[in-house]
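Chemist: Sequence:
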Amino acid sequence: MIALNASDTTALEKLATPGNDAAAAIEQRMDAHGGKDIKLEEKTISSDVAPDVASAQLRGRTASGTYEERLTLTVEDDRWHVVLGSARPDPAKTTAGTSQGQGRPR
Numbered sequence: 001m002i003a004l005n006a007s008d009t010t011a012l013e014k015l016a017t018p019g020n021d022a023a024a025a026i027e028q029r030m031d032a033h034g035g036k037d038i039k040l041e042e043k044t045i046s047s048d049v050a051p052d053v054a055s056a057q058l059r060g061r062t063a064s065g066t067y068e069e070r071l072t073l074t075v076e077d078d079r080w081h082v083v084l085g086s087a088r089p090d091p092a093k094t095t096a097g098t099s100q101g102q103g104r105p106r
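Heads up: the sequence shown runs through residues 1 to 106, numbered per UniProt numbering.
Since the hints were made in silico from the structure, they are not lab data. Fair warning: there could be bad hints in the mix.
[Stated by the list, open to error] Here are the simulated lysine-lysine pairs, DSSO-like style, with alpha carbons at most 27 Å apart: (1) K14 with K39; (2) K14 with K36; (3) K14 with K43.
[To be verified] Label pairs and their computed distance ranges (CB to CB): (4) D31 with A87: 20 to 26 Å; (5) G60 with A87: 28 to 34 Å; (6) P51 with S7: 30 to 36 Å; (7) R79 with T44: 19 to 25 Å.
Just so it is clear, the structure is predicted and the values come from calculations on it, not from any experiment. Virtual Cβ for every residue (Gly too), placed ideally from N, Cα, C.
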């Protein structure tokens, strides 16, 4: 909340999953919640899918009304990150062929 309340995009970038292209997601979050003096009243974190993935449900108030958001969190290198944006494509990986004749040899 500190990063959002301070409209600090650099701090949000540090929270994002490493390797993700998070710029657009951070800009969207700043437009929606940045500088609004969010005060959390309730936070629930659960990990039902896998031990390295969690969901955070946040609720509170802002200077102009209510605040409610659900975030997905992941662990990388023993540190929790907020999933913002999406992973950049790996140029070393190629996609599977889809035209006839590609695939398993006969």
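Chemist: With reference to the structure, classify each hint as holding or not holding.
Modeler: Against the structure, the hints:
1. Distance restraint check for K14 and K39: the Cα-Cα separation of roughly 21 Å lies within the 27 Å cut-off, and the hinted pair is therefore satisfied.
2. The straight-line distance between the Cα atoms of K14 and K36 is roughly 20 Å, inside the 27 Å bound, and the hint therefore holds.
3. Taking the CA atoms of K14 and K43, the gap is near 21 Å; set against the 27 Å cutoff, the hint holds.
4. The hint said 20 to 26 Å for the Cβ distance between D31 and A87, and at roughly 23 Å that hint holds.
5. Here the CB-CB span from G60 to A87 is close to 30 Å, well matched to the stated 28 to 34 Å.
6. At roughly 33 Å, the beta carbons of P51 and S7 sit within the given window of 30 to 36 Å.
7. Between R79 and T44 the CB atoms are about 21 Å apart, so this pair conforms to the stated range of 19 to 25 Å.
Of the numbered hints given earlier, the model fails none.
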